[in-house]
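There are 4 protein chains.
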Amino acid sequence: MATAKALVCYYSRSGNTKKMAQLIEKGIASGGVEVTTKDVKDVTPRMLLDFDAIVIGSPTYYGLMSAEIKMLLDKSIKYHGELDGKVGGAFASSYNVGGGNETTVIALLEALMIHGMILYGDPEGDHYGPVSIGAPDKRVEKMCIRYGRRIAELAKRLHD
Amino acid sequence: MATAKALVCYYSRSGNTKKMAQLIEKGIASGGVEVTTKDVKDVTPRMLLDFDAIVIGSPTYYGLMSAEIKMLLDKSIKYHGELDGKVGGAFASSYNVGGGNETTVIALLEALMIHGMILYGDPEGDHYGPVSIGAPDKRVEKMCIRYGRRIAELAKRLHD
Amino acid sequence: MATAKALVCYYSRSGNTKKMAQLIEKGIASGGVEVTTKDVKDVTPRMLLDFDAIVIGSPTYYGLMSAEIKMLLDKSIKYHGELDGKVGGAFASSYNVGGGNETTVIALLEALMIHGMILYGDPEGDHYGPVSIGAPDKRVEKMCIRYGRRIAELAKRLHD
Amino acid sequence: MATAKALVCYYSRSGNTKKMAQLIEKGIASGGVEVTTKDVKDVTPRMLLDFDAIVIGSPTYYGLMSAEIKMLLDKSIKYHGELDGKVGGAFASSYNVGGGNETTVIALLEALMIHGMILYGDPEGDHYGPVSIGAPDKRVEKMCIRYGRRIAELAKRLHD
Numbered sequence: 010m011a012t013a014k015a016l017v018c019y020y021s022r023s024g025n026t027k028k029m030a031q032l033i034e035k036g037i038a039s040g041g042v043e044v045t046t047k048d049v050k051d052v053t054p055r056m057l058l059d060f061d062a063i064v065i066g067s068p069t070y071y072g073l074m075s076a077e078i079k080m081l082l083d084k085s086i087k088y089h090g091e092l093d094g095k096v097g098g099a100f101a102s103s104y105n106v107g108g109g110n111e112t113t114v115i116a117l118l119e120a121l122m123i124h125g126m127i128l129y130g131d132p133e134g135d136h137y138g139p140v141s142i143g144a145p146d147k148r149v150e151k152m153c154i155r156y157g158r159r160i161a162e163l164a165k166r167l168h169d
Numbered sequence: 010m011a012t013a014k015a016l017v018c019y020y021s022r023s024g025n026t027k028k029m030a031q032l033i034e035k036g037i038a039s040g041g042v043e044v045t046t047k048d049v050k051d052v053t054p055r056m057l058l059d060f061d062a063i064v065i066g067s068p069t070y071y072g073l074m075s076a077e078i079k080m081l082l083d084k085s086i087k088y089h090g091e092l093d094g095k096v097g098g099a100f101a102s103s104y105n106v107g108g109g110n111e112t113t114v115i116a117l118l119e120a121l122m123i124h125g126m127i128l129y130g131d132p133e134g135d136h137y138g139p140v141s142i143g144a145p146d147k148r149v150e151k152m153c154i155r156y157g158r159r160i161a162e163l164a165k166r167l168h169d
Numbered sequence: 010m011a012t013a014k015a016l017v018c019y020y021s022r023s024g025n026t027k028k029m030a031q032l033i034e035k036g037i038a039s040g041g042v043e044v045t046t047k048d049v050k051d052v053t054p055r056m057l058l059d060f061d062a063i064v065i066g067s068p069t070y071y072g073l074m075s076a077e078i079k080m081l082l083d084k085s086i087k088y089h090g091e092l093d094g095k096v097g098g099a100f101a102s103s104y105n106v107g108g109g110n111e112t113t114v115i116a117l118l119e120a121l122m123i124h125g126m127i128l129y130g131d132p133e134g135d136h137y138g139p140v141s142i143g144a145p146d147k148r149v150e151k152m153c154i155r156y157g158r159r160i161a162e163l164a165k166r167l168h169d
Numbered sequence: 010m011a012t013a014k015a016l017v018c019y020y021s022r023s024g025n026t027k028k029m030a031q032l033i034e035k036g037i038a039s040g041g042v043e044v045t046t047k048d049v050k051d052v053t054p055r056m057l058l059d060f061d062a063i064v065i066g067s068p069t070y071y072g073l074m075s076a077e078i079k080m081l082l083d084k085s086i087k088y089h090g091e092l093d094g095k096v097g098g099a100f101a102s103s104y105n106v107g108g109g110n111e112t113t114v115i116a117l118l119e120a121l122m123i124h125g126m127i128l129y130g131d132p133e134g135d136h137y138g139p140v141s142i143g144a145p146d147k148r149v150e151k152m153c154i155r156y157g158r159r160i161a162e163l164a165k166r167l168h169d
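Chains as they are written, first to last, in the numbering used here: chain X, 10 to 169; chain F, 10 to 169; chain E, 10 to 169; chain V, 10 to 169.
Keep in mind that the hints were calculated from the coordinates and are not lab data. Take these hints with a grain of salt, some might be off.
Treat identical chains as interchangeable: a pair holds within one or across any two.
With a cut-off of at most 25 Å between alpha-carbon atoms, the simulated DMTMM-like pairs for lysine to aspartate or glutamate come out as follows [said to hold, decoys possible]:
1. 151 <-> 93
2. 84 <-> 162
3. 147 <-> 59
4. 50 <-> 77
5. 87 <-> 133
6. 14 <-> 91
7. 47 <-> 83
8. 14 <-> 93
9. 14 <-> 169
10. 165 <-> 91
11. 151 <-> 77
12. 84 <-> 133
13. 165 <-> 83
14. 151 <-> 91
15. 28 <-> 91
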C-alpha cells in the first residue's frame, strides 16, 4: 500500500529553525505521513523527487532564505518540471517581529510555485507558514504541529 | 454524481481582464469542471461557499488588485474559515512589463492563503498565475487555457 | 523659510492603527517636520500633492491594506506622476505574528513606488515599516517614533 | 569637490543581466555620478561601504536573485547598519513575462531596505526596477538608462 512521503529541509545556525523543523516533522508524522527531516547540506536536488511533500525552512537573512537554501533551489533546476503536483510548504525564524519572516516564507513559496507545487494556506494559524520570533515558544510549537498536520492531510488526499 | 464547481470572478474596465476570465473559464470547462464566470459586482461573499475552486482576476492598480476586488475580500471575512481547503487561483492584466502584474497575482494568492485555500503553481507557463500585458494575445490565450485546465485538474482530485 | 510637510493617513476600526499613526506623527514632529494625521475618509487624492512625505497605515485585511485605503490609492491615479520624488512610508497592525503585517507594509510600499516615491528602510527597527501585533505596546511605540524620525530626517534632506 | 559614487553589481550567465548592468551604468554616468560596474564574484561586502548608491541585478532563478547574489547579501551582515542612508536599486532579467522578474526585484529591494537603504520607484518606467524578458531590447535599453539617471539624481541630492 502506497503511503505519501514528506521531506522537511532546513538551514539553521542558532538551532531555532531546526527546532521548528522537528516540530513540523512531529505534526506530519501525527498526520499519518512518513516524514524525513534533513539539514540542507545533506539534501541533493535529486532527493526532492522521492517525496510527495517538501517543506523548506530558513532563518530570515535580509528578508529571504539563506544562500544555502537558495543554492539548493537553484540547483534543483536540473529536475525542473518533475516536482509538478507535489505539496510544498515553508517556514522561517527571525530575530524580530517585522524582521522579514513573512517575506522569507512568501519567497520560499514563490520558488515552490515555480516548480509547479501545491500550497496550502491556513485561516487560523500563521497564514502562509509558521514563523518564530527567536526561539520557538508554545505558540510556535502549536503552529508548527498544526502546519505539519495540514501538510500531511493534503499530501494524503493527493498522493495516497 | 458530485462534480467540482469553479467560480471565475473578475473586475475589468477595459475588457482585458474579462477576456482573460473567459479564457480561463474555457480551460476549466475543458478540464471537466462546471464553471461560472462573474463580474465582481455580481458576486457576494456568500456565493464563495458554493464553489470548490475560486479564481480571481484584476487589472493591476498600483501593483495590486482593484479596490472593488479588495472590498469583496474584506467582506468575505464573514465566512472566514469556511473556504478552507478550496482551490484558489489568480490572474492579472497590466499596461507594462514590470508594471506590477506579478505583485498583483501574489497579493491575490496571499489573500486566498489566509482563507486556507490551496494554490497550484506552474513550472511551464506564467508561474504564479496568468498575466497579460495589454490586451490578451495568443501567448496569454494559451496561458489562460492551460491555467484553467490545471485548476480543474486539481479541483477534481480534491473535490470530486 | 520652506519646511517639509508630512501626512500620516490611516484606516482604523479597533483604534490600533490610529494609535500607531499618532505615534508616527509624534516621531515626525520631533524630527522637525510639520505633520498632519488624518483618517483616510478625510483624505482626498488631491490633498496628497500638498505634502513632501506621505505615510500610510492600515490594519491587515487578508494580507493587505483595507479596501478603503486601496480606494484612495486607486483614485490617486488622477495625479499619477505628480507624487514623483516625495517620501513614502507604510505601517500596519495585525492580530497575529505571521498574520500578514509584513505583506501589508510591502504592498503599500509597492503602491508608493509606482507613484515614484522614495522609500527608506531601517537596519534596526521594523525593517520595512512599523508593525503592531494587536494593540501597540512599548516596542511598537518605540518603533513608530523611530520611524517617524527617520521619515522626517529624509524629508528634510530632500525637501527643505 | 565630493561626488556621489555608485556601484552596479550583477550576476549573469547568458549575458542579459550584464547587458542591463552596462545600460544602467550608462544612465548613472549620464546623470553625473561616478559609477563602477562589477560582476558579483569581484565584489566583497567591504566594497559596499565605498559607494553612495548600490544597484544590484540578477537573472530570475525561482522567482528570486541567484544564490551568488544572495551569498553577497548574507555576508554583508558584517557591515550591518553601515549602509544606512545609501541609495539602493535593483533589476532583473527573466525568460518569461510572469516568470518572476518582479518578485526578484522586490526581493532585492527588501534586502536593501533591511540594510536601511533608500529606494526610488518610477511612475513611468518599470516601476520597481528595470526588467528584461530575454535579451534587452529597445524598451529595456530605455528603461535601464532612465533608471540609472533617476538613481544618479537621487544619489546627488542625498550625497553630493
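Comparing the hints with the structure gives:
In the homo-oligomer, the alpha carbons of residue 151 and residue 93 lie at most 25 Å apart only across protomers (19 Å), although the nearest pairing inside one protomer, at 30 Å, exceeds that limit. Neither within a single protomer nor between protomers do residue 84 and residue 162 lie at most 25 Å apart by alpha-carbon distance, with minima of 29 Å and 29 Å respectively. For a Cα distance limit of 25 Å, the shortest separation of residue 147 from residue 59 qualifies neither inside one copy, at 32 Å, nor across copies, at 37 Å. Taking the shortest Cα distances, residue 50 and residue 77 sit within 25 Å of each other both inside one copy (8 Å) and across copies (17 Å).
Within a single copy, residue 87 and residue 133 get their C-alpha atoms only as close as 36 Å, which misses the 25 Å cut-off; across copies the closest is 14 Å, which meets it. Proximity of residue 14 and residue 91 under a CA criterion of 25 Å is satisfied intra-copy only: 16 Å inside one chain copy versus 28 Å between copies. In the homo-oligomer, the alpha carbons of residue 47 and residue 83 lie at most 25 Å apart both inside one protomer (18 Å) and across protomers (22 Å), since each shortest distance falls under that limit. In this assembly of identical chains, the alpha carbons of residue 14 and residue 93 lie at most 25 Å apart whether taken from the same copy (15 Å) or from different copies (23 Å).
For the identical chains of this complex, residue 14 and residue 169 are neighbours both inside a copy (9 Å) and across copies (23 Å), given an alpha-carbon limit of 25 Å. With identical chains, the CA atoms of residue 165 and residue 91 are at most 25 Å apart both within one copy (19 Å) and between copies (21 Å). Taking the shortest Cα distances, residue 151 and residue 77 never come within 25 Å of each other, neither inside one copy (27 Å) nor across copies (34 Å). In this homomeric assembly, residue 84 and residue 133 come within 25 Å of each other (Cα to Cα) only across copies, at 17 Å, whereas the closest approach inside a single copy is 34 Å.
When the C-alpha separation of residue 165 and residue 83 is checked against a cutoff of 25 Å, the pair qualifies neither within a copy, at 28 Å, nor between copies, at 32 Å. For the homomeric pair residue 151 and residue 91, the shortest alpha-carbon distance between copies (21 Å) is at most 25 Å, but the shortest distance inside one copy (32 Å) is not. In this homomeric assembly, residue 28 and residue 91 never come within 25 Å of each other (Cα to Cα): the closest approach is 29 Å inside a single copy and 31 Å across copies.
In terms of the numbered hints stated before, the structure departs from hints 2, 3, 11, 13, 15, listed from lowest to highest.
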